[in-house]
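*Asks:* Here is how the chains run, residue by residue.
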Amino acid sequence: MIKRFNLLLAGVGGQGTLVAGKLLSDVALQLGLDTRVSEVHGMAQRGGSVTTAVRIAPQVHSPVIEPGEADFILSFEELEALRWASHLKVGGVMIMNQNRVMPVTVSMGQAQYPEAVEQTLRQAELGSTRVFSIDATGLAQQAGSVKAVNVVMLGALSQLLDIPERVFLQAIEHVLPQKLHAINIQAFELGSGIMKATQTD
Amino acid sequence: MKQILLGNEAIAAGAHAAGVKVISSYPGTPSTEITEAASQYEQIACEWAPNEKVGLEVAVGASLAGARAMSCMKHVGLNVAADPLFTSSYTGVNGGLVVVVADDPGMHSSQNEQDSRHYARAAKLPMFEPADSQECQDMTRAAFELSEQFDTPVLVRLTTRIAHTRSPVELSAVEPQVVRPYAKNIEKHVMMPAMARKRHRLVEDRMSRLAETSESVGCHQIIHKSRSIGFVTSGVVSQYVREAFPDASVFKLGLVWPLPIDALQRFAADVDRLIIAEELDPVIETELKAAGIACEGKTLFTLCGEYSTALIRSGLETNKPTPPAFDAGQLTEAPARPPVLCAGCPHRGLFMALKRLKVIVTGDIGCYTLGALNPTYAMDTCVCMGASIGMAHGIAKATNGQLTGKTVAVIGDSTFLHSGMTGLLNSVYNQSDSTILILDNSITGMTGHQQNPSTGLNIRMQQAPSVDLEALCRVLGAASVRVVDPADSKASEKTIAEELKQKGVSVIIARRPCALIPQGKGTRDQLVYLDQPLCTRCGACIRLMCPALTAGPDGYPVIDPDTCNGCGLCIRTCRFQALKQGGGDCD
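Residue numbers (this note's numbering), protein chains in the order written: chain F, 1 to 201; chain E, 1001 to 1587.
Among these hints, one or two may not hold up.
Claimed, not checked - The calculated DMTMM-like cross-link candidates involving lysine to aspartate or glutamate, where the alpha carbons are at most 25 Å apart (straight line), are:
no. : chain 1 : residue 1 : chain 2 : residue 2
1   : E       : 1002      : F       : 34
2   : E       : 1002      : F       : 173
3   : E       : 1358      : E       : 1380
In case anyone wonders, no lab produced these hints; they're calculated from the structure.
In this text the structure is predicted, and so the values were computed from the model without any measurement.
Bound conformation, chain E alone:
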């Protein structure tokens, strides 16, 4: 009996079937559900690590100890984990080691569009790329086999459309967990120059053997049809190709690195025109051209964004769109619906405060990056996880301190623990007068509410030690650590203004749980209602851009009781006391 699984769930099923023992990851869209799904299997030691580097190091340790191990992350997470990745390529494995990386072409929820296949090439590691959930399961199993067979970590690359698409999966039989014996071997496991030089030669030899055997171990599918056109492709793009050109010959790669050059050469010889269809960078195309195989790729298809069936078709011929159901000329344009902070989101009050303070805000990665947009526009930068703190310090150094009292770094609790702590340490050590705001909403929010070392729960929602953020910041050397309630925007503003004037590093923890988790939900008696005679229709509450508040046709605010979280920010914003708590008792 088949099951319908999300690509990410199928990766977890494949790892489970392969007898994986340890999985350590940091959440990141579109990879998060892999580790969440794996945590449902009791026999897997599954955990959220504070960042991807730690996650991969845990998996490397587990592998060298003899167990099959895995670490999963989004594309930018692999940048963080790149250090252990490159050298684990030299140490090789004991138990199979698989690293899953989920790219996000089109940037549905990411800050860049990097192509992780470059990592396979750069770190000299084999990489699989599945094209549906069935292949997610099967290639993950194959990746563990290949890892042990060739003594190498193996990458599995996903893209958003594979990770977040459900499709049928025939579940494979489950192998028992096996822990191979551990043997001390400093020649293989201690990468200092004398050992690493020898290992490097073995790595090059391994890649040559992998390239030679790719045809038999690479899970490729070669479909010989029309001679006139042949595609080389992989992953979700292979699905677009098969739909756009059902009669074309297709070489669908399973193992996308290293490439089976000989087999591709033979395929090329069998077709009149060879087209490379790959999202993002011309990795296959460049390699084939270097091997002297004539082909076309990026002259037909873009380097940017997601592909589609229509895009593949229009690269080669005129795409004839299906006639639409409606006369577009008669349809009114739909106003945009951009993402916004949720009703009751604790970040809203804080960004209102930052807006009033007119400070430079170095931002970070999380829901709160929405603070850069309407209505507060209170964020100047967003680069990568943890960057806010180092950047605020850099701004101060660059301007000889002129902007010190005018710059605030804003970072979430999970992001701070991911890679903000070292930034704080640097600011202290190099004598900054930085002001750092930690938005502590007691959860890793944007990726869908994962636990982290400050929440007191682990991935299985069992009790776990929780780090004391105040004590942590003090011990790292912060001169001042204060806690505010971000729903009290005015008090938060006052505290931030005071700390901006202080010497030394100030940390302000804005603490209020995410409105979407149980401890952040308001009660019925906290719901807001309008005392209409007091309302002047000034619109200050509407400008908070809370989804629970809309301007009615007569200009009075309308509060949606199903959406209102009772955070009280609008009550504090109203100068006429027209908004009141207790809406739940009034209906």
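Pulled out of the complex, with its shape left as it was, chain F reads as follows:
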């Protein structure tokens, strides 16, 4: 079982990266591992680019993940995948949600939203780096709430971690209010299912 990894959650303010970080910290606790989950609050949350850094290991010191140090990046938005790509370590895995949130620089016509982000990332892959792209937002809607996109992403991640599924499901029960359990368990299954299918493609 994996006992040491750095994971960066990248997204736009309000996409639920904070809760995903909380869920992963509960996973670490259940596995008896140390963890640091570093969050961004305040002004940047107002529609800005936000990240949550999750570090899990037998002992963790720094709460920050530096460029080239992330084993995994879960990007909740395509442009943010591109922005934070430099944080992924060679041989690391990026899971990108096929979702575009236009930054004001684009909607105001001051910048272009890059075309074919997934393709760009794939072409730039070095070593055994891998990029997966899934429609997590669509799957979250299917599960019953677009807000469950974070748990869909965790479901997808779970396929790469060799951590028993029940640990994630317990984290959902520990961290989220009871009325959201069913939707999020469904979201988790859909995420893990799509990743299984993607990997065997």
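Place chain E on chain F using the hints.
*Replies:* The following block gives chain E in isolation, referenced to the frame of chain F:
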């Protein structure tokens, strides 16, 4: 069983475990969650004060009355609370008194990068600096003990990375709340010159005793490893040091003021090269050099911004970055995503009005400071909480009134109650013709929606008296007080233009709830849709920079129904009536 707690939540847990009875604070990133988390413990009298000075004074009163008390604030909040801080150092405590201050190196959400350790030195107070959530809990407990043991308020300093990082905490046992008997003691509690002179000597004596006992009470960790290099460090930087140089010797300070000079001297003697790793100012370095201990610090590391493991490494040797996963040359650059006012934010319409009026805008601290940026650029200044009103008055006085009819002060409801009221009083008293806009969005927004004296609720969301802002401004002497709906940008513009021409102080309250709180959320039938045949693709709606509106590839605006709040600002902006309400019924 361990729990995962945010550093701020762990501070609250530590205070709870120490039997704290009273907590009074003003919200400020990155300190806000301490008091919010503490309010979950029913037995703690927990409250939002209108500002940090009041918050600390409440805690000082509670302490002298015999209870353990705490006040929490961000670094700039301690400037506001500095007055009671300095003199409470003289009065000392009855029940333990802890002041938590959260610094923001890197300025994630602040207007400056000041280092609060200077306050410990200046006010002659001990200060702890935890390095993770466990230490946040444990040092807060220790701070209460130390406070009563040495009859002193105790500071606990956080930085953003400690306050806003979650890590495991072994919860400590909870002590019962104890209220020590109150005894009148004017020699100790009434700080007039004759008494204060005596107290000052006691304060100096207390600091000497604290420095001598710091080794045993200071929660320091001394790790003897390699002789060749030794670090003196504290807080989050100690984590970067241990990660960058796992084989180095490390003296990790718990109590960062006063310093355990003798112990540091011995540590220095045990290593060939002594490095001081501290974010922001060279507080430890200066002190060690004054004590004749040779060391290096700011010649290796910057005075500005946040540190990191890589920064610590590169200060001493070549940092070898981990090879990246992608060929950077093949990646397109990601366009910036700056923070913007939310969809439906009531401030947007008001700043559009200010832009059209081409006035000088003295600004203040809050979400609305974003009005200084694209697309309105309608703010000229932002200095500190409450500054907008005094600055507008100063501009008028400096220009002999020439800019009076061309200057508007803009301040939020919570900021006005924090420290704008006295500015208004001054403008009235000193006969200004100022125009002051209070952006009343019924909440303290940017710090994450805390209640304040104008919202009608307290920190536990129970009913509370709510101040009548109109009556308050009138009683302070405003010649005119008017209320506008900022979503009606044109009407707001007209009102502001009228008031700019008036003699005496005018207050305009732009009232509409924050779009992120329940009473500010739009209904389905308010959602906006495009009547495409009427649209000329002029782009006026796009220039509002509302996150719900983007220009589609064909130039027509696209409205995101999940984001639209139905505020109607774009409908009022469209000259061709192409945007309409009722989008919720059309899908």
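*Asks:* So, for every hint listed, does it hold in this structure?
*Replies:* Now the hints, each set against the structure:
| no. | hint | verdict |
| --- | --- | --- |
| 1 | 1002/E x 34/F | holds, 10 Å |
| 2 | 1002/E x 173/F | holds, 17 Å |
| 3 | 1358/E x 1380/E | holds, 11 Å |
Violated hints are absent here; each numbered hint is respected by the structure.
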